[in-house]
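Trainee: So the chains spell out like this:
Protein chains: 2
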Amino acid sequence: MLKAKVTVTLKDSIVDPQGSAAERVLTSMKYPVESIRIGKYMEVILSENDKVKAEEIMHEICQKLLANPVMEDYSFELEG
Amino acid sequence: MLKAKVTVTLKDSIVDPQGSAAERVLTSMKYPVESIRIGKYMEVILSENDKVKAEEIMHEICQKLLANPVMEDYSFELEG
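Taken in order, these protein sequences are the chains called G and R.
Positions 1 to 80 (my numbering) are the ones given, in order, by the first sequence.
Positions 81 to 160 (my numbering) are the ones given, in order, by the second sequence.
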């Protein structure tokens, strides 16, 4: 059993209205915030013990379902 | 300038329908997935160079805006 911690973020060139809204709120509250970008975080438990196979599987899963490769970047760490 | 990498996850006792849906899809596609929990990931750039102050600010921001402390846990790392 391995755990993958996945982060999915919008590519830098893609506008992030949700992040901009949070940024505006915090700036208006006088917090020293320069920018916020909001993405997704996922914890996937795999019933696979081989780290190499698990890595291949995670790349497939990220590309097919968890991230949109046109607009988003993903990265993951395996723990186990 | 410091960068905070924030992850916000639903507490274990809270049902995560979005994660369950992803889990069902991947299981039906024969991926060896046992569970998925979906949360949020945020990158906050602070115009503050003192790590101690930045940590205090991030706790406040997380509790007030980025996470809902009733249903969610948060954690962050500062990089600079």
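Honestly, the hints are just simulated from the structure, not real lab data.
Careful: at least some of the hints might be erroneous.
Below, simulated DSS-like cross-link-like pairs (lysine-lysine); rule was C-alpha separation at most 30 Å, straight line [to be verified]:
no. : chain 1 : residue 1 : chain 2 : residue 2
1   : R       : K120      : G       : K30
2   : G       : K51       : R       : K131
3   : G       : K3        : R       : K120
4   : G       : K30       : R       : K131
5   : R       : K110      : G       : K51
6   : G       : K53       : G       : K3
7   : R       : K85       : G       : K53
8   : R       : K133      : G       : K53
9   : R       : K85       : R       : K131
10  : R       : K144      : G       : K51
11  : R       : K83       : G       : K40
12  : G       : K30       : G       : K64
13  : R       : K144      : G       : K53
14  : G       : K11       : R       : K91
15  : G       : K11       : R       : K85
16  : R       : K85       : G       : K30
17  : G       : K51       : R       : K120
18  : G       : K64       : R       : K120
19  : R       : K131      : G       : K64
20  : G       : K51       : R       : K133
21  : G       : K64       : R       : K133
22  : R       : K131      : G       : K11
23  : G       : K30       : R       : K144
24  : R       : K131      : G       : K53
25  : G       : K64       : R       : K91
26  : R       : K133      : G       : K30
27  : G       : K5        : R       : K91
28  : G       : K5        : R       : K120
29  : G       : K11       : R       : K83
30  : G       : K5        : R       : K110
31  : G       : K30       : R       : K110
32  : R       : K110      : G       : K40
33  : G       : K3        : R       : K91
34  : G       : K64       : R       : K144
35  : R       : K120      : G       : K53
Some chain G residues near chain R, calculated using beta-carbon distances under 10 Å [to be verified]:
no. : residue
36  : T7
37  : I14
38  : P17
39  : K51
40  : V52
Don't be surprised by glycine CBs; every beta carbon is placed ideally from N, CA and C.
Trainee: Now tell me, hint by hint, if it's right for this structure.
Mentor: These are the hints, each one checked on the structure:
1. R:K120 with G:K30: Between K120 (chain R) and K30 (chain G) the Cα gap is close to 24 Å, so the pair holds against 30 Å.
2. G:K51 with R:K131: Outside the cut-off at roughly 35 Å; violated.
3. G:K3 with R:K120: holds (17 Å)
4. G:K30 with R:K131: Roughly 18 Å separates the two Cα atoms, so the pair holds.
5. R:K110 with G:K51: holds (18 Å)
6. G:K53 with G:K3: Status holds; Cα separation ~13 Å.
7. R:K85 with G:K53: Holds. K85 (chain R) to K53 (chain G) sits at ~28 Å (cutoff 30 Å).
8. R:K133 with G:K53: violated (43 Å)
9. R:K85 with R:K131: OK: K85 (chain R) and K131 (chain R) at ~14 Å, within 30 Å.
10. R:K144 with G:K51: violated (38 Å)
11. R:K83 with G:K40: Judged against 30 Å, a Cα distance of about 17 Å means the pair holds.
12. G:K30 with G:K64: violated (41 Å)
13. R:K144 with G:K53: Between K144 (chain R) and K53 (chain G) the Cα gap is close to 41 Å, so the pair fails against 30 Å, i.e. violated.
14. G:K11 with R:K91: Answer holds: K11 (chain G) to K91 (chain R) is near 28 Å, not above 30 Å.
15. G:K11 with R:K85: holds (16 Å)
16. R:K85 with G:K30: holds (20 Å)
17. G:K51 with R:K120: holds (25 Å)
18. G:K64 with R:K120: With Cα atoms ~19 Å apart, K64 (chain G) and K120 (chain R) stay inside 30 Å; holds.
19. R:K131 with G:K64: Distance ~38 Å between K131 (chain R) and K64 (chain G) Cα, so the pair is violated.
20. G:K51 with R:K133: Roughly 39 Å between the alpha carbons, so the hint for K51 (chain G) and K133 (chain R) is violated.
21. G:K64 with R:K133: violated (41 Å)
22. R:K131 with G:K11: Cα-Cα ~27 Å, so holds.
23. G:K30 with R:K144: Distance of about 13 Å is within 30 Å: holds.
24. R:K131 with G:K53: violated (39 Å)
25. G:K64 with R:K91: holds (27 Å)
26. R:K133 with G:K30: holds (14 Å)
27. G:K5 with R:K91: holds (16 Å)
28. G:K5 with R:K120: holds (12 Å)
29. G:K11 with R:K83: holds (17 Å)
30. G:K5 with R:K110: holds (20 Å)
31. G:K30 with R:K110: Violated, at roughly 50 Å.
32. R:K110 with G:K40: Holds: K110 (chain R) and K40 (chain G) sit about 24 Å apart, inside 30 Å.
33. G:K3 with R:K91: Distance ~17 Å between K3 (chain G) and K91 (chain R) Cα, so the pair holds.
34. G:K64 with R:K144: violated (34 Å)
35. R:K120 with G:K53: holds (26 Å)
36. T7: holds (5 Å)
37. I14: Given a least distance of 14 Å, the restraint on I14 (chain G) is violated.
38. P17: violated (14 Å)
39. K51: violated (13 Å)
40. V52: With Cβ-Cβ at 14 Å, over 10 Å, it is violated.
Against the hints set out earlier in the document, violations occur for numbers 2, 8, 10, 12, 13, 19, 20, 21, 24, 31, 34, 37, 38, 39 and 40.
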